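In case you want the letters, here they are:
Number of protein chains: 2
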Amino acid sequence: MPETTVDTVACIGAGVIGGGWVAHFLAQGFDVRAWDPAPDAAEKLERLVDAAWPALTELGLKPGASRDRLTVAATLAEAVDGAGFVQESAPEDLALKQKLLADIDAVTAPDVVIASSTSGYGMTEMQVAAKTPERLVVGHPFNPPYLIPLVEVAGGKLSALWAVEQAAAFYRRVGKSVITMDREVPGFIANRLQEALWREALHMVANGEATVEQIDLAITDGPGLRWPVQGPMLTFHLAGGEGGMAHMLDHFGPSLKSPWTRLEAPELTKELRDAVVAGCDDEADGRTIADLVAERDRAVIAIQRAVGQARRG
Amino acid sequence: MPETTVDTVACIGAGVIGGGWVAHFLAQGFDVRAWDPAPDAAEKLERLVDAAWPALTELGLKPGASRDRLTVAATLAEAVDGAGFVQESAPEDLALKQKLLADIDAVTAPDVVIASSTSGYGMTEMQVAAKTPERLVVGHPFNPPYLIPLVEVAGGKLSALWAVEQAAAFYRRVGKSVITMDREVPGFIANRLQEALWREALHMVANGEATVEQIDLAITDGPGLRWPVQGPMLTFHLAGGEGGMAHMLDHFGPSLKSPWTRLEAPELTKELRDAVVAGCDDEADGRTIADLVAERDRAVIAIQRAVGQARRG
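If you read the protein sequences in the order shown, they are chains A and B. With this note's numbering as the guide, the letters of the first sequence map in order to residues 5 to 317. With this note's numbering as the guide, the letters of the second sequence map in order to residues 5 to 317.
Next comes chain A alone, as it looks inside the complex (with noise of 0.2 Å):
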């Protein structure tokens, strides 16, 4: 089914990230219909709209969105009947995974795309029991769903390249920023990176090393406040001064030696200093660095503020 025909979204499972993906669509003018198992999942699902929407009307509804537009769904079958697209986020279990996934795949339409919000499994071992394992991808968001623009978009080996061209493009119909991979790579890219942090913060904690406090202090305060405006390949290209991200591997490369994390560094080959250096060149997009020092400066600045602002409420 083309994307832009699609009407009505299912979304399967109602915890934080699918009651997030429920309001989303909701705000994005959708009907939605949403199935959980869970006893309470109606209420919760209520909740998790309710503290959802303010921020949804801030950014603006799209026309005719409406939180009436919301069906809890009796059973799996009556969410995605009509339904031109399924979001299913369920618990993080593989075994439950490729079952439900066979489930949603036995009762949907075959044109449809089913899309699964899993944070680091790869579609090749979910889509094992599925009869029509080619419409499956996976369409990994980030909490809250409603507000943090990345989908990273992923086929299996079993995925039909339409239905991973489909889902992206749905994706950025609804305001997504996506990124298709070429291939499976667990945890995708964003959580990989978020997971080596978290990892590292875990044994600072285990011990001793630094508190909870500390660290989501040094990170607030420090290099998070970068990270909105320039991800972690400009913040370097922008350490290296006017020499750019050339300098800063050939005068720090050493550094990746340094005992700094857990992590052990890649050998810091030609190939792989040029590819950064290059792709540093290509992102920068004609931007010199006193452009992009600029830019980070008053982005900084502006995010300061709003964190600010939103603390005082």
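Derived by calculation from the structure, the hints in this document are not laboratory data. It cannot be assumed that every hint is accurate.
The list treats identical chains as one, so a pair stands whether inside a single copy or across any two.
Straight line, CA to CA, 27 Å or less: simulated DSSO-like cross-link-like pairs of lysine-lysine [what the hints assert, rightly or not]:
#: 1; residue 1: 261; residue 2: 161
#: 2; residue 1: 103; residue 2: 261
#: 3; residue 1: 261; residue 2: 180
#: 4; residue 1: 161; residue 2: 274
#: 5; residue 1: 135; residue 2: 261
#: 6; residue 1: 48; residue 2: 103
#: 7; residue 1: 103; residue 2: 161
What you are looking at is a predicted structure, and each value in this text was computed from that prediction instead of being measured.
Add chain B to chain A, keeping to what the hints say.
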């Protein structure tokens, strides 16, 4: 020298970090004396202050603040003469830092604190050649030092408590957010977290798992949007839904065993689990999950708008 009587700061080393410190102290209304052995240091420093000044003006200069209060000194001794605080920001080379800190120590009045901007060396290993090592401490900033509030302060084995406390008080006086560490950990806190993420990113590029641009987009449009308002710990406190960090660890704990990064996870013992849960409760400081969700949502919306405006210029 009590930090409240400091009116002149010496900045030794005037690259990206040293020059950023110069701009910060000028904007805070100090006389600043800079020294750097590079032949083109004065011109580079002028360009650095040029680049920083619009941001500092926008933030608000302190009374009396003026770029005219910068002197580029001809010698190290001239730079520290009369200075009430010394900030060293030389290249990251242990032997160089040991010698330079001993040289600064030899010409600086004995009651003046000398702080090193080192990104990861402990003061214990850097202070070995100094005659009065007790006033030497680490004062590690983040790029750019004139905008990012975080400074990590840590003494070495021969540092005196008064020097650590005076450095922390001085940085707070000049608007910084200070973490005082009671033990030396290579890379301190923020750089260990940032370095784990950076190394995972380099591995992904080296293995063709993600491009430089995908890595940056995964952060700027994903978890990076949350980190200025809630660090990694509070972020996952909210990922647990109404059950908070306790539910998150009990539910997602097993994913610590997933191959989501090359960094091995610590054992999630009951002690570690309880320490992280208690730390989040302390940090939440009475704010419910619903309060934190509302605060995060307001902040993420404002951060996205701020970044969008900064990019448009």
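The hints, checked one at a time:
In the homo-oligomer, the alpha carbons of residue 261 and residue 161 lie at most 27 Å apart only across protomers (24 Å), although the nearest pairing inside one protomer, at 37 Å, exceeds that limit. Only between protomers do residue 103 and residue 261 lie at most 27 Å apart by alpha-carbon distance; the minimum there is 22 Å, versus 45 Å within a single protomer. With identical chains, the CA atoms of residue 261 and residue 180 are never at most 27 Å apart, being 38 Å at best within one copy and 30 Å at best between copies. In the homo-oligomer, the alpha carbons of residue 161 and residue 274 never lie at most 27 Å apart, since the shortest distance is 33 Å inside one protomer and 39 Å across protomers.
Within a single copy, residue 135 and residue 261 get their C-alpha atoms no closer than 49 Å, and across copies no closer than 30 Å, so neither meets the 27 Å cut-off. Only within a single protomer do residue 48 and residue 103 lie at most 27 Å apart by alpha-carbon distance; the minimum there is 24 Å, versus 63 Å between protomers. When the C-alpha separation of residue 103 and residue 161 is checked against a cutoff of 27 Å, the pair qualifies only within one copy, where the shortest distance is 18 Å, while the shortest distance between copies is 58 Å.
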